[in-house]
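S.K.: One-letter residues, chain by chain:
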Amino acid sequence: MDKNKRVWGAAGGAVGLGGVAAALGTCCAAPWAVTLLGVTGAVTLARLSAYQPYLLVAGAILLGLAFFWVYRPEPQCDDESCAPTTRRRQRVAVWIAALVFAAISALALLPFVL
Amino acid sequence: MNRSLLGMVAAFALGLTACSAPDAPAASTAKVTVLDANASQLRADFNAAKGSVRLLLLVDPACSVCLRGLDDVNDALLKQVHDPRLQTFVVHEPVTGGELKDVVPASALLENANVRHYWDPAGAFGKQVTKSLDLMHRGEPVFAWDVWMVYDGDTVLPANGVVEPNLFMHQLPKLRGEPGRPMLDGDKFAATARELLKQLPERQRP
Chain A
1 MDKNKRVWGA
11 AGGAVGLGGV
21 AAALGTCCAA
31 PWAVTLLGVT
41 GAVTLARLSA
51 YQPYLLVAGA
61 ILLGLAFFWV
71 YRPEPQCDDE
81 SCAPTTRRRQ
91 RVAVWIAALV
101 FAAISALALL
111 PFVL
Chain B
115 MNRSLLGMVA
125 AFALGLTACS
135 APDAPAASTA
145 KVTVLDANAS
155 QLRADFNAAK
165 GSVRLLLLVD
175 PACSVCLRGL
185 DDVNDALLKQ
195 VHDPRLQTFV
205 VHEPVTGGEL
215 KDVVPASALL
225 ENANVRHYWD
235 PAGAFGKQVT
245 KSLDLMHRGE
255 PVFAWDVWMV
265 YDGDTVLPAN
275 GVVEPNLFMH
285 QLPKLRGEPG
295 RPMLDGDKFA
305 ATARELLKQL
315 PERQRP
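Residue numbers (our numbering), protein chains in the order written: chain A, 1 to 114; chain B, 115 to 320.
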């Protein structure tokens, strides 16, 4: 897989999973679930909230992978086949994703604290 | 990996949409009583049913977790036991944005004819339950909603507040771990109600 794509994918996936976890965690903080999904849908969402911790763990793992890929040492070789690439943009993106994931995770866990 | 994760999220959204089929028209006969400040109508109905096992449930009709609790209690007990000696009183309270109009759709979750629904517009009854049962967390009172109580056939509600039930369960994070305050387990809730029903005289009517 293209190195760029897997970093973007992992970081984006972490944010996505965190967003789903936040949706599951906040389903009872406001009546949006019932308004959008109806009573039956809201019940289903509440049952799915049991998987919230797994989603957060999976998101953290993806984020960890993203960090690993952008910070691991580049291979060194004599010819130009493995010339080092600039990964600064990717690193910035992964850090932004980490901050977003942290904020979303806090939102997901808020109902358990309040 | 990006596409597969997007696919997963899309599938999740589609699944939720599928599971959120338009609610079946709630029974048009579902009657909701709006409580006065002292919940006098609830007390009168509850005490008139003396001799029955009574469930007293406090929920927000727009809270997904409360609705899940109603569904659990229905699955474990109410859709199986239609004995008139089991009476259910559901007090709906506006906590997370629930309104009177949300009560009828929520009432459809309970498939039992011996259920009465009440709307507690200012949460006054919930506050009375908090005070009566001393629901506290770190010295602060915890408003009584998402609580699930079973009373035996002899209990009578006083003019103010409530008495300690035979079983108190809840789904409130702040009460998690409090002694004598277990989290709602539909099967255990149903088992207690069934046990109390067995203790009633066979032909006694409320």
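Watch out, some of these pointers could steer you wrong.
Said to hold, decoys possible - With beta-carbon atoms standing in for the labels, derived distance ranges:
#1 B:T147 x A:P53: 37 to 43 Å
#2 B:G211 x A:K5: 40 to 46 Å
#3 B:A162 x A:L99: 54 to 60 Å
#4 B:D197 x A:P53: 36 to 42 Å
#5 B:R295 x A:L36: 40 to 46 Å
#6 A:K5 x B:D248: 36 to 42 Å
#7 A:R91 x B:G291: 41 to 47 Å
#8 B:T147 x A:V92: 55 to 61 Å
#9 B:R252 x A:A102: 22 to 28 Å
#10 A:R88 x B:K302: 52 to 58 Å
#11 B:G291 x A:L110: 15 to 21 Å
#12 B:P235 x A:I61: 45 to 51 Å
#13 B:M250 x A:V57: 39 to 45 Å
As the list claims (entries may be wrong) - Here are some chain B residues the structure puts well away from chain A; computed CB gaps all over 10 Å:
#14 K145
#15 A151
#16 G165
#17 L181
#18 V195
#19 G212
#20 L214
#21 P219
#22 N226
#23 K245
#24 M250
#25 R252
#26 Q313
By construction, these hints were calculated from the structure, which means they are not laboratory data. For glycine and all other residues, C-beta sits at the position ideal for the given N, C-alpha and C.
S.K.: Hint by hint, note whether the structure agrees.
M.R.: A quick look at each hint next to the structure:
no.	hint	verdict
1	B:T147 x A:P53: 37 to 43 Å	holds (40 Å)
2	B:G211 x A:K5: 40 to 46 Å	holds (42 Å)
3	B:A162 x A:L99: 54 to 60 Å	holds (59 Å)
4	B:D197 x A:P53: 36 to 42 Å	holds (39 Å)
5	B:R295 x A:L36: 40 to 46 Å	violated (32 Å)
6	A:K5 x B:D248: 36 to 42 Å	violated (58 Å)
7	A:R91 x B:G291: 41 to 47 Å	holds (42 Å)
8	B:T147 x A:V92: 55 to 61 Å	holds (59 Å)
9	B:R252 x A:A102: 22 to 28 Å	holds (26 Å)
10	A:R88 x B:K302: 52 to 58 Å	holds (57 Å)
11	B:G291 x A:L110: 15 to 21 Å	holds (19 Å)
12	B:P235 x A:I61: 45 to 51 Å	holds (47 Å)
13	B:M250 x A:V57: 39 to 45 Å	violated (33 Å)
14	K145	holds (18 Å)
15	A151	holds (24 Å)
16	G165	holds (32 Å)
17	L181	violated (5 Å)
18	V195	holds (21 Å)
19	G212	violated (6 Å)
20	L214	holds (13 Å)
21	P219	violated (5 Å)
22	N226	holds (16 Å)
23	K245	holds (21 Å)
24	M250	holds (16 Å)
25	R252	holds (12 Å)
26	Q313	holds (32 Å)
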